[in-house]
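**Q** Residue numbers (our numbering), protein chains in the order written: chain A, 17 to 162; chain B, 17 to 162.
Watch out, some of these pointers could steer you wrong.
What the hints assert, rightly or not - Quick look at which bits of chain B chain A covers, simulated, 3 or more residues with Cβ under 8 Å:
no., region
1, 40 to 46
2, 58 to 67
Stated by the list, open to error - Some chain A residues flagged as far from chain B (calculated, every beta-carbon gap over 10 Å):
no., residue
3, Thr28
4, Thr30
5, Arg56
6, Pro110
7, Leu115
8, Glu126
What the hints contain is simulated information worked out from the structure, not anything from laboratory work.
The structure displayed is predicted, hence computed values, not measured ones.
Idealized CB from N, CA, C, for every residue including glycine.
Chain by chain, the residues run as shown.
There are 2 protein chains.
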Amino acid sequence: MRAADLLVPYPTVTLSTPAIEAARILADADLPGLIVVDDRGAPFAVLPGTQVLRLAVPIYCQDDPALTYMVDEAAADVFVRELGDRTVRDLLPPQPHELPVVSPQATALEIAALMARTRSPLVAVVDGGLQGAVTLHGLLDRVLAA
Amino acid sequence: MRAADLLVPYPTVTLSTPAIEAARILADADLPGLIVVDDRGAPFAVLPGTQVLRLAVPIYCQDDPALTYMVDEAAADVFVRELGDRTVRDLLPPQPHELPVVSPQATALEIAALMARTRSPLVAVVDGGLQGAVTLHGLLDRVLAA
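Just chain A, same shape as in the assembly:
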């Protein structure tokens, strides 16, 4: 089995998508992460769910736990409101050296090793344009049944 056999259609966001909308897409469809595409529809970034959540965490809290302790419970409940109308582009974390992207020919083992190495529960499948994504659970279900 190859990426072509494992991929599923997958929603995308763009660099201009408001970050709050990206978080809602992730939450509403219970996705493991999001694919951010550029103007030509090619994957620009693949964000695991934790890194979509990171878009919504105020910059001053991202790396310093001590600062999060100083925010009271009422304000901590509504931290996503601080996002305002900022876009994915405004908040995108530095991109890793290796994007979780494969060709349709990638084997199950190649995809598993890539997910483990990049800590990404989804990989984008690209052949010219974006063909879809392989999710961690989609892959696991298939390899455990093999």
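Following the hints, position chain B against chain A.
**A** Below, chain B alone, put in the same frame as chain A:
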């Protein structure tokens, strides 16, 4: 809202659980990750789904993509069989400096920042013993509705 309000009961595995069984638990219950507890029931590790998958990726393939390309499709389909009866203890990756574990008093913002920082889509909630876990999607649903 605090971790105590956000936590859900969460399955655990131990260091002696066969790695293949851990992968099955993750897949069957569609979990974002697994909590590995020690003999006293305290969290020893919190493994995001990608790191549970990593348990099943042969060591020689984990860091070197070139080696995965050399495995043919038929063998790549059944890579999990190489696990044999090895346990979570045998295959556990080096543990990060910071475990995604909070007290029941942690705020939504503290939990979100911790998930983003540790790249873990679940955090264990501990008060004496393990009380449960907060998942990324459970947290997102609540903070987006707040």
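**Q** Run every hint past the structure and note whether it holds.
**A** Taking the hints in turn, this is what the structure says about them:
As drawn, the region 40 to 46 of chain B meets chain A at 4 residues by the rule of a beta-carbon pair under 8 Å; at three or more, the given contact holds. Coverage of the region 58 to 67 of chain B by chain A holds [criterion: at least 3 residues with CB-CB distance below 8 Å; count 4]. Even its closest Cβ contact with chain B, about 19 Å, leaves Thr28 of chain A beyond 10 Å, as expected for a residue assigned away from the interface. Under the 10 Å C-beta cut-off, the non-interface status given to Thr30 of chain A relative to chain B holds; the minimum distance is some 20 Å.
Look at Arg56 of chain A: its CB is around 26 Å from the nearest CB on chain B, clear of 10 Å, so calling it non-interface holds up. Every CB of chain B is more than 10 Å from the CB of Pro110 of chain A (nearest about 13 Å), matching its label as outside the interface. The non-interface label for Leu115 of chain A is consistent with chain B: the shortest C-beta to C-beta separation is roughly 13 Å, beyond 10 Å. The claim that Glu126 of chain A lies off the interface is violated: its Cβ sits roughly 5 Å from the closest Cβ of chain B, which falls inside the 10 Å cut-off.
Hint compliance for this structure: hint 8 is the single one not met.
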